[in-house]
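One line per chain: the protein sequences are V and G, in this order.
Count along the first sequence from 1, add 23, and you get the number used in the numbering used here.
Count along the second sequence from 1, add 23, and you get the number used in the numbering used here.
Derived by calculation from the structure, the hints in this document are not laboratory data.
Keep in mind that the hints are not guaranteed to be accurate.
[Claimed, not checked] The calculated lysine-lysine pairs, modelled on DSBU-like cross-linking and capped at a C-alpha distance of 30 Å, are:
| # | chain 1 | residue 1 | chain 2 | residue 2 |
| --- | --- | --- | --- | --- |
| 1 | V | Lys126 | V | Lys143 |
| 2 | V | Lys56 | G | Lys117 |
| 3 | G | Lys107 | V | Lys47 |
| 4 | V | Lys47 | G | Lys165 |
| 5 | V | Lys117 | V | Lys107 |
| 6 | V | Lys165 | G | Lys113 |
| 7 | G | Lys117 | V | Lys117 |
| 8 | G | Lys128 | G | Lys165 |
Number of protein chains: 2
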Amino acid sequence: MKKIFIAIALSSLASAVCAQQTLKPEEMIKFRKAGYSFMAWNMGKIKANLEGTYNKEQVIAAANVIAATANSGMGALYGAGTDKDAAGQKTRVKAAFFKEPDKVKELAVAFNKEANELQKVAATGDAAAVKTQFGKTGESCKACHEKYRED
Amino acid sequence: MKKIFIAIALSSLASAVCAQQTLKPEEMIKFRKAGYSFMAWNMGKIKANLEGTYNKEQVIAAANVIAATANSGMGALYGAGTDKDAAGQKTRVKAAFFKEPDKVKELAVAFNKEANELQKVAATGDAAAVKTQFGKTGESCKACHEKYRED
Chain V
24 MKKIFIAIAL SSLASAVCAQ QTLKPEEMIK FRKAGYSFMA WNMGKIKANL
74 EGTYNKEQVI AAANVIAATA NSGMGALYGA GTDKDAAGQK TRVKAAFFKE
124 PDKVKELAVA FNKEANELQK VAATGDAAAV KTQFGKTGES CKACHEKYRE
174 D
Chain G
24 MKKIFIAIAL SSLASAVCAQ QTLKPEEMIK FRKAGYSFMA WNMGKIKANL
74 EGTYNKEQVI AAANVIAATA NSGMGALYGA GTDKDAAGQK TRVKAAFFKE
124 PDKVKELAVA FNKEANELQK VAATGDAAAV KTQFGKTGES CKACHEKYRE
174 D
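Modelling step: build the complete structure from the supplied sequences, incorporating the hints.
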């Protein structure tokens, strides 16, 4: 199992992270859940803008959070001991996540691509284009959730 | 009390948020805690870079998260019913936070300024300048924590 964690840590998923920080498993789980949760709020804001009055600045701000989070090297938050609940921090990650680093990397790269594109499209203020790209970004979130997250 | 919440919602703290999203108090608390928690991870990464080997790209990525979060309109997450624990979501916010909107706004604006400056300085790759600005940013976090967050 240790090898698999190292493989994930060394993958491009975690390329921005240099392992200088020593975190406990429960801290890694807490931080990654925080990242996904805060992205969910920002995705929700974009959705509300697309369904209601469109505010360009709010959509830009939300897309900036999503892109910055996608590029933050969250792969480092899937270290040893984070494959199960740790010290009261619950995780819904499936065991398969740690056994399929190539597939995880593929999904992570796809999500990053869509999130970065969403940031670019949001900056234009073109609501129709944002709607399309928002859909693609949501699909890339869902692809990982369906494969590696318990309901 | 309602008037105070409205005052906060209308302040520039929440200027980027257009209240199209309807969130329950426990959702607002969850999302705001997620935002602060994810920022803490990213502040920790910058600290580790300043104390260990400096990786410009990692610091840029972390500073981008902090700035994007600061600019995301988190004031909207302090709506009615979020001044105390809600449906299992604990909050450490002090009652004074909701009684002093002008002071809260002042601290929020100060934090945003430092976070945006940190993002700019990180982009230069000048570790010494980042160290100085990281200190200022941390102080602006602390100023609010000391006044409005329970230990």
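Tested hints:
| no. | hint | in the structure |
| --- | --- | --- |
| 1 | V:Lys126 - V:Lys143 | holds, 26 Å |
| 2 | V:Lys56 - G:Lys117 | holds, 25 Å |
| 3 | G:Lys107 - V:Lys47 | holds, 29 Å |
| 4 | V:Lys47 - G:Lys165 | holds, 24 Å |
| 5 | V:Lys117 - V:Lys107 | holds, 8 Å |
| 6 | V:Lys165 - G:Lys113 | holds, 28 Å |
| 7 | G:Lys117 - V:Lys117 | violated, 38 Å |
| 8 | G:Lys128 - G:Lys165 | holds, 15 Å |
Hint check: a violation occurs at hint 7 only; the rest are consistent with the structure.
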